[in-house]
Structure formats: structure tokens, C-alpha cells
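There are 2 protein chains.
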Amino acid sequence: MEKQDQLLMKKQNKNLVLEIIRNQSPISRMEIAKVIGMSPTSITRIVNELHIQGYVRETELVTSGVGRKAALLDVCDDVLYTIGIELDKLIIKIGIVNYVGEIVAWKSVEREAFEDYNETLDKVNLNLKVLIDINRIPTEKIIGIAVGLPGLIDYKKGVVMVSDQLKWKNVNLADDLKQLTQFDVIVDNELKMKIVAENFKGMTKDSRNAVLVGIGSGIGSAIILNGEIYRGETNNAGEIGHTVIDPTGNVCHCGKVGCLATYISEGAILTDSRKVKEIGSIDDVFDSYRNGESWAINILDRTSTYIALAISNILCLYNPEVIILSGNTIEKLPEIKEAIEQKCELYIWEPIKESVKIVYSQLSDRGVVLGAAIQAQNLLLNIE
Amino acid sequence: MEKQDQLLMKKQNKNLVLEIIRNQSPISRMEIAKVIGMSPTSITRIVNELHIQGYVRETELVTSGVGRKAALLDVCDDVLYTIGIELDKLIIKIGIVNYVGEIVAWKSVEREAFEDYNETLDKVNLNLKVLIDINRIPTEKIIGIAVGLPGLIDYKKGVVMVSDQLKWKNVNLADDLKQLTQFDVIVDNELKMKIVAENFKGMTKDSRNAVLVGIGSGIGSAIILNGEIYRGETNNAGEIGHTVIDPTGNVCHCGKVGCLATYISEGAILTDSRKVKEIGSIDDVFDSYRNGESWAINILDRTSTYIALAISNILCLYNPEVIILSGNTIEKLPEIKEAIEQKCELYIWEPIKESVKIVYSQLSDRGVVLGAAIQAQNLLLNIE
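As given, the protein sequences belong to chains A and B, one line each in that order. Numbering (full-length UniProt numbering) for the first sequence: 1 to 384. Numbering (full-length UniProt numbering) for the second sequence: 1 to 384.
Isolated chain A, as found in the complex (with noise of 0.2 Å):
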């Protein structure tokens, strides 16, 4: 083998090995060598230069039964920081979070609705600084920026291509923060972030076939398929609002009659709530639903019923290990988990329905930032 493959292996062998300790810690050098098929003497050695880089801690020792003790192996928790960011039509988070994933510092700044690109930025770049000072975060112990937002985005290029939340057009996000803050820049889909915090830490913790549905002002879902986020052919994979599940249904802006979204969004269901009552908001609905009145439970049982399917449609085509569900409607209105349950189970194809379970995102609104955060080790660390 030549000289120059074999330091490249090393490499990807020493990332592989850290990834690792940080996803199954704590872990033993012997279990690390099961896992990647490789010799302890070789793990060891590469466990030995991470630990003089300090990327690793021994943390404690265990007996497997016979011979000498084993001791675990761990991430240094302070060794880096990675930013991850939330923008929305009303609001910025900011999270600073360490290498083993906890959030370290936080911040949340309100946000107009015709908020000007550049003005959005400079109060990003504002209060990120100001956050990294007041909790002394060394700045060369931060690697980078993730950004999840919601709308149709070229991960690539950091571009944002369309977001209707933000009324953001063909913005090079990746590169205008970049120059703003000096740190590189990840930037994806809000739901694409949110699944990478559930896979990480949440509810479908190191799961490989994992589906997050988000139910809210927009349905989506973002796919983890074979261990992996799946994109599709122009990162627009996971669609599920503007599939068709009524072909005599309503109409949907998107020229379409039928989108699944036309059933459960929170537009959709104040449209037809402000057929029947003067409503101000969607928490006006839930709060009418609470109340008995019968035209809410009418709108929120069709809806329902429509998730259900949309759960039951999804798991035919991807066949995965857990649905998480997520989102507004589910947050602000708990008690419509009961309702879904009860049509699942009526709904869902008899040959998956053992096989699957399905959770609710116990991360609430700090699922994107936390899961961008990850994302930007995942994708930006990459160590000698």
C-alpha cells in the first residue's frame, strides 16, 4: 500500500474512532475495536493520540468478569463548541453547545416579520458575540455555525432558495454569515436539524430508519434512512404536505387538490375555523376544542384523522423504525395525541404495524438548535 492511502486511512480511522467513543460512550477500546472491525493494538494507538490531543477521557473501570480491568472511554466535553441557530419568522435562538451535546449557553431574540436579510444578520452576529463573551467561550475552541430555518434550501451552497417564513429569496446564508462572524457556516432545513438532535439524544436515539414529521404552521418531514439524512434527488425529500390524499378534496395554493396539508396545517385549519367563528389565532381553535365547542372538535377530528393517514402513508413507504412527531399543533394541543393513536391503530397496514413505534419529540424548542449544533461537528470536525 502506498504511503499516501495509508495516511489518509489513519485519518478517516482516527475520525471514525472519535465519532464512535462520542456516539456509544462510555465505551471500552475493545468493544471500539468489535464495532469497527479493527485490531485493539490499532484502536489503542489511535485512542492514545486523541487522548494526547485531548479529545478523550478515561472515565472509569469495569470488569468484564475475568482478566484485568477495562476502562471506559468518553469525549472531553470542553474540547470544542459548535453553534447551532434557529430562524423563524418571530423569533432567533442561539445555542452554544459543547462535544458531548449540551447546550452551554442560550439565547433567544424576537424577530419582525418583514425583517430586512442584512438587519436579521448583523442582530444574529450581535448577540452570538455577545453570548460567547458573557459565558467566555475561547473562540478557537469553536469550530463553526449551523443554521436550520424553515423553507427549500441548497445545503450545499448554503443558499436558502425559497423560505416563506423568512421572505427569503436566493440568499447565500452560508457566505454573508460567514463573512459577518469568521466562523464557517452549515445551513439546512429546520426539520433536517431537528431529526439530527432526535438521533443524537432525542427519541430516536442512534436509530437507522427514522421518520420526524413536523406538524405546524408548515408539513414536512425530514428521513433518516440507513443511519443517514436522505435528501433525495434536490433535497425536497419528505415532502408529505403537498402529497395527495383526497383527489375530490380541497384545494392547495400549490395548484393541486388534495395536499395533505390542506387538512392539517395551522393555516388550513383557521381558514375553516373562521367559516364558523371569529378567531384571532390557532391557539383560539385549541382553546375552543378544550372548551367542547363542537365545531372545533369537528375541524380537529378531520384532522386527526388526516395525520393518521399521513403517519400510516408514511410508514408503507419508508417501513421505519420510529415515527416521531412533532411540531405546534402537537405541542400546543397534547390532547390530539389520544385521537391519532386511536386512528393509527385502525389505520395502519397490519404487516408494519408491529414494527414501528410511535413518539413524540420530547426536545421542544430547542430541538433545531441543538440538532444544528451536532450537525456542524458532524459535518466540520475533522481532526489530524
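It should be emphasised that the hints constitute simulated quantities derived from the structure, not laboratory data. No experiment lies behind these values; they were computed from the predicted model shown. Mixed in with the good hints, there may be bad ones.
[Unchecked claim] Simulated crosslink set (BS3-like; lysine-lysine; CA at most 30 Å straight-line):
no., chain 1, residue 1, chain 2, residue 2
1, A, Lys11, B, Lys10
2, B, Lys156, A, Lys353
3, A, Lys205, B, Lys357
4, B, Lys157, A, Lys353
5, B, Lys123, B, Lys157
6, B, Lys357, B, Lys205
7, A, Lys156, B, Lys123
Starting from the known structure of chain A, fit chain B onto it as the hints suggest.
Chain B in isolation, oriented as in the chain A frame:
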């Protein structure tokens, strides 16, 4: 690096180089080096070994403008063979396929609708032996068999869990056929085998994200994601036939309401046709359609509508590069293609319309056999 790791890696690299030459031939050593990211010297050493072992050969010399001419590499077509078998209700197809994916021997045999499991296996074994003898295929060059059939398959164990068409339940086809033939045997769903053929030399050649939809007596799909067959958690991914497309529609034998299959499967078309006219087989319905009988036009118009809606939903969820339509209905009634395309024009969600190609399988009745044989190469060939 340890000795054992190096040996394993050398073997992996060698198999990888051979796979690249098979899939991308004619290809130069330099191009292989680029694809894998290894040094040209390493590639040259590996290619020399493969050449001595009889797997690869040089084909022609090409010049890239400057310097000496580079030799292009190809695999040797007769270095090995695999057997592809398709089992269906009324037919058994057997093909012997060489290393470049050519069917060098072919035989199809009738099967009785209620033929006993062992009788079918004996028939397969007998006809296979005759086929090998007549065509003088050296047995030692045959590395294994792969079987494609309709049904739910545990492909890891080679077990047919249930096949309605063959009337089989929980039979270990791989073990039983291995015992009869002495060859290693792989078993998988027919559509999964078919998409392997399409991806190797058919309409989705080299596509990393492709979906094959089968429209005939059964309705299903097979999926290539990130270059590999996607199976989901219990090998049920792609069960498009039981996605709900009209929640107030037809009752399905699975117990749900509005499954896609109840609008587009041969059985569904026949059931509806018999409400109008005494009909023998699906061919009679297609003839009536061609004769301009309005009832047949009405029924098949609805069929094409639901096929287009299914395509639209598949595109939203998987966002593939190519979608390939296959199966009896498409093959026997090519007139339906135009109707499907017109409706796709209406129903496909705008942001993905441009990025996808809708094509038709050209492998006709040999797709499953060819794909099975290619899959046998993919899974059973592991040279030292």
C-alpha cells in the same frame, strides 16, 4: 497499522476496484484511482492481480491529449456466471448470466397455479441442470443462484414469509434450493431484483436515487436510495399499494379504506369491469378499451388518474432522479402511458417536476431474472 487490518483492507480494495471496472467499463487505471481516491500505483498493483486471476483485461488504448496512451480496462465476461430465477404463479424463468450481465442461456417452464412447493423446486433443479449441460457452462465458474418472487421475503434468511401468488408460507427457499442444487442461494422480492437490473444496465443505470413501480396483479415499488436498495426496518419499504389515496373510497382486502391497490391492480380493474360486462381476463378489458367501449375507458381513465397521483406522492416523499414504470398493465396496455403522462403534468408538485424523469422499463419479461443474477454477483462474489 496492524497486519490483519491491512490484509482485510487490501481485500476490500481489490473487490471495490473490480466492482468499479465491472460497472464503469471501459475505464482507465487513472479514472479508477480518482473514483476511489487511492494512488495510481496502488490501483496498478491491484489491477495486475485481477488480470492474473482472469477477472479483467485491457480493451483499447486511448489518448487524453498529452503523454502516452492509457489502456482501458474491462472485466472478462466468461470468468464467472450466476443463475437468475423468477418464480411466478404460472411460470418459472431461468437465466444463466455472465460477468458483464449478458443472459447466455434462457429457459422458461410452466408452473401450475397450485403446484406443490417441492414439485416447483424439483422442476427448477431439473431444468437448471439441463440448461447448464446444454450450454456447457463450467459448474465451477457458477458462483450462485438468486431467486426473485412476489411476496414478503426475509431476504437475510432466504425465507418466503408469505407469497399469495405462489401460495407459499414460511418456506426456507434458500436452504431448500441450496440442498438440491449445491449452489449458494439468495432470495428477494421480484421488484427489488428488477430494480437491480434497471440500475445495472436499464433505464436507471447508475442512478443513486430511483424508484421502480410495478403495476399489474400486485402494486408495489422498489427503491434505490444513495445507490443501494432501501428496505426499511422489516423489508416492507415501498408498499405503495397500501397507501391511502382516498379515505372515503374503496374497501381494501387489507381492512383499510381507499388503498391505492383498490383502484389500479388487475384484480380491482376486473372486479369493476365485471359489474358492467361478463369479462374473462384482464386482456378482455384492455381489448374493450381499445374498441372504444365507454365503460372500459371510464374504468381505465380512473386507473391512470390514480397511477399519476401515486407517482406524484412517490416523488414528494422520495424525490428520486428517475421513476420507472413497469408491470403487466403498462406492458400490455401501452396506450395508458399517454394518459398517465398527461395527468402527471397536472398532478406533480411544481418544485420537483423539473428534476425527475419518468420512464418505462425496457427489460420486459427478463428484468427479474437479470436483476437476480446481477444481485448474486453483488452479494456472492468476494475474491481473495
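key: Unmet hints by their number, sorted upward, for this structure   = 3, 7
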